[in-house]
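A.B. asks: Using the sequences and the accompanying hints, generate a full structural model.
Chain by chain, the residues:
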Amino acid sequence: MRIGFSYNRPMHEHAASIQLVFLARLRERFGIARETYPLPVEQASVAMLLSQLRARGKVFAEELAEGRAFRVAVNHTVVSPDHAIRSGDEVAIFPPVTGG
Amino acid sequence: MRIGFSYNRPMHEHAASIQLVFLARLRERFGIARETYPLPVEQASVAMLLSQLRARGKVFAEELAEGRAFRVAVNHTVVSPDHAIRSGDEVAIFPPVTGG
Amino acid sequence: MTHFVRVQTADFDLGVEVATLRAGNPGVGAVASFIGCVRDLNDGDAVSGMFLEHYPGMTERELTQICETAAARWSVFDTLVVHRVGALQPLDQIVLVAVSSAHRGDAFRACEFIMDYLKTRAPFWKREATPAGSRWVEARASDDAAAARWTDTSAVA
Amino acid sequence: MTHFVRVQTADFDLGVEVATLRAGNPGVGAVASFIGCVRDLNDGDAVSGMFLEHYPGMTERELTQICETAAARWSVFDTLVVHRVGALQPLDQIVLVAVSSAHRGDAFRACEFIMDYLKTRAPFWKREATPAGSRWVEARASDDAAAARWTDTSAVA
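Chains as they are written, first to last, in our numbering: chain A, 1 to 100; chain B, 1 to 100; chain C, 1 to 157; chain D, 1 to 157.
I should point out that these hints are in silico values taken from the structure, not numbers from a laboratory. Keep in mind that this is a model prediction, so the values were computed, not measured. Mixed in with the good hints, there may be bad ones.
[What the hints assert, rightly or not] Coverage of chain C stretches by chain D, computed from C-beta distances (three or more under 8 Å per stretch; other residues unrestricted): (1) 6-15; (2) 28-34; (3) 38-48; (4) 91-104.
[Said to hold, decoys possible] Listing some non-contacts, in silico: residues in chain D with all C-beta distances to chain C over 12 Å: (5) V5; (6) A10; (7) F51; (8) E53; (9) P56; (10) E60; (11) R61; (12) E68; (13) T69; (14) V85; (15) R121; (16) P131; (17) W136; (18) E138.
The beta carbon of each residue, even a glycine, is placed where N, CA and C say it ideally should be.
C.D. replies: In C-alpha cells form, the structure reads like this:
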C-alpha cells in the first residue's frame with residue numbers, strides 16, 4: 001500500500017496538502033469555512049493536525065482543547081485521533097450534531 | 001341498587017329480555033346477526049346464557065364449547081363468564097379480533 | 001388532549017390526517033404514525049381481496065379507551081385512529097394510527113402501543129379471498145405476544 | 001431494497017412520500033413513519049425560528065449508512081429519510097423517516113432506530129433564534145442515551 005501510494009504520487013507535488021473544513025459553531029468562531037492546509041509530514045495523524053491547529057492561537061486552542069466535544073471526519077467518515085491523514089484528504093472538524 | 005331496579009321496572013314487563021348480537025364467523029355459522037332473547041332469571045350470568053345457547057343444538061354447542069376461543073361483550077365491554085346480565089343489556093358474542 | 005377515532009369505508013390521506021392532527025400546536029415536536037396495508041399474501045396463500053367487518057359502537061369505544069390508556073402512560077398531545085371497513089384489495093390502506101408529542105420517544109411508544117392493543121382488542125374481523133375460497137382470518141399468537149409486551153415492565157421503557 | 005435519502009430546503013408531503021415508498025409493492029403490510037417539527041420552545045426559551053446547516057456529501061453518506069444498518073438488522077423493504085436545511089419556523093416540518101415492511105414490529109423498530117442514530121450521527125446543526133439572541137443548539141445527553149439503547153441487546157427486541 002505504502003509503496004504504491006508513493007509511486008503514484010507526481011514527482012512535482014512537493015507540498016502535500018489537505019482540505020480543512022470547519023462547520024457550524026466552529027466555522028463561526030474560527031471565521032473559516034474551508035482552507036487548503038499543508039500536511040506537515042507524509043502521514044500525519046488527526047492528533048498531530050489538531051495539535052498544530054491549537055498553536056494558531058486562542059480561539060483554536062480553546063475550541064479544540066482536549067476534552068472539548070468536537071468530531072473529526074476524514075473523507076466524510078468520523079475517525080479517531082490516531083487516524084492517519086494523507087495528502088488530498090478532506091478533514092472536517094465540527095461540534096456534536098443536533099439535527100432531526 | 002337491587003331494590004331501586006325492581007321498583008323502576010314496569011309491572012307489565014313480565015318477560016325480561018336482552019339483545020343478542022353475533023359477529024363475524026359466529027354470525028355466519030349461526031345464521032343470526034341479532035335477536036331479542038328472553039332472560040331466564042332476573043340476574044343471569046354470562047355462563048348461564050352460554051349454557052342455554054349451547055342447548056340450541058350442534059353448531060351452537062360446537063362454537064360455544066368450553067375452551068373455544070370466543071369473547072362476550074356486555075354493552076360494548078368484554079366481560080368474564082361470571083358477569084351478571086340484566087334486562088335490556090346488549091350481549092355480543094364474537095371470535096378473537098383480527099383487525100389492524 | 002383529544003383522541004380522534006373514526007371507522008369508515010373511505011380511504012384516508014396520511015399527509016392530511018397528520019397535518020390536521022398537529023395543526024396550530026407549535027408544541028408538537030414529533031409525530032409518529034403507522035399505516036397498515038392489505039398484503040397479497042397471508043399465511044402462505046395468495047390473497048386477492050378481503051372484507052372487514054366490525055361491531056359498531058363497541059369499536060369506537062374500545063379504540064378511544066386504547067388511546068386514553070396510551071395518553072395516560074406517555075406524554076402525548078393528541079392521538080388519531082382511522083380504521084377502514086368493507087371491501088379492500090391488496091395495496092389498500094387498512095388502518096392509520098398517529099400520535100403527536102413534544103418528543104419522539106413518547107410518540108413512538110404510544111403509537112406502537114395503540115397498534116398492538118388495537119390488534120388484540122378492537123372488534124374488527126377480516127374475511128379474505130384466496131384461490132381456495134374465502135376464509136376468516138385467524139387471530140395470531142404473535143399479536144397477543146406483542147400486546148403482552150406492554151405489561152412486562154422489565155422489557156419496555 | 002432501496003434507501004432513499006434527500007437533504008433539501010423545500011417542504012415535503014408525508015402522504016405523498018409514504019405512498020411513493022410503498023407504491024406497487026403488495027408485500028408491504030406496514031409503514032412506520034416519523035416527522036420532526038420545529039417547536040416554539042426549547043430548553044425553556046421561546047424559539048422564533050431556526051437555521052439548519054449540514055455537511056453536504058457526508059450527510060447523505062451517513063444517512064444512507066444508518067438506513068443500511070437498520071435494514072441489516074430488521075426485515076424491511078425500503079427506507080426513506082428527508083431532512084430539511086435552511087431557515088425554518090415553528091410548526092415547520094424538519095425531518096421525515098419512513099420504513100416499509102411486511103410486518104409492523106420491524107417497521108417500528110427500524111424507523112425509531114434510524115431517528116435515534118440520525119440524531120447523534122448525521123451532520124446537521126441547528127442555530128435557533130430566541131429573545132436573547134441566536135444560539136447554536138447544544139447536543140443532548142438524552143439523544144446519546146436513546147442511540148445507545150440499540151446496542152444494549154437486553155433492552156431491545
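A.B. asks: Just want to verify: A10/D was marked as not at the interface with chain C; is every Cβ pair farther apart than 12 Å?
C.D. replies: holds, 15 Å
A.B. asks: Say whether it holds or is violated: E138/D keeps its Cβ farther than 12 Å from all Cβ of chain C.
C.D. replies: The claim stands: E138/D keeps its Cβ more than 12 Å from every Cβ of chain C (closest is about 16 Å).
A.B. asks: Would the non-interface assignment of F51/D survive a Cβ cutoff of 12 Å against chain C?
C.D. replies: holds, 17 Å
A.B. asks: Does E68/D sit more than 12 Å from chain C, CB to CB?
C.D. replies: Since the minimum Cβ distance to chain C is about 21 Å, E68/D lies beyond 12 Å and the statement holds.
A.B. asks: Say whether it holds or is violated: P56/D keeps its Cβ farther than 12 Å from all Cβ of chain C.
C.D. replies: It holds; P56/D is separated from chain C by about 25 Å at its closest Cβ, greater than 12 Å.
A.B. asks: So is R121/D really clear of chain C, every C-beta pair being over 12 Å apart?
C.D. replies: Nearest chain C Cβ is 15 Å from R121/D, so the label holds.
A.B. asks: Under a C-beta cut-off of less than 8 Å, do 3 or more residues of the stretch 38-48 of chain C approach chain D closely enough to confirm the stated coverage?
C.D. replies: holds (count 4)
A.B. asks: Examine each Cβ of chain C, and state whether all of them lie more than 12 Å from the Cβ of W136/D.
C.D. replies: holds, 18 Å
A.B. asks: Going by Cβ atoms, does T69/D stay more than 12 Å from chain C at every point?
C.D. replies: Check passes; 18 Å lies beyond 12 Å.
A.B. asks: For the stretch 91-104 of chain C, does the count of residues with a C-beta closer than 8 Å to a C-beta of chain D reach 3?
C.D. replies: Held - the stretch 91-104 of chain C has 3 residues with a Cβ nearer than 8 Å to chain D, which meets the minimum of three.
A.B. asks: State whether the coverage of the stretch 6-15 of chain C by chain D holds or is violated, taking the criterion as 3 or more residues with Cβ-Cβ distances under 8 Å.
C.D. replies: With 3 residues in contact (Cβ-Cβ under 8 Å with chain D), the coverage given for the stretch 6-15 of chain C holds.
A.B. asks: Would E60/D pass as off the interface with chain C, using Cβ distances and a cut of 12 Å?
C.D. replies: holds, 22 Å
The structure agrees with every numbered hint stated previously.
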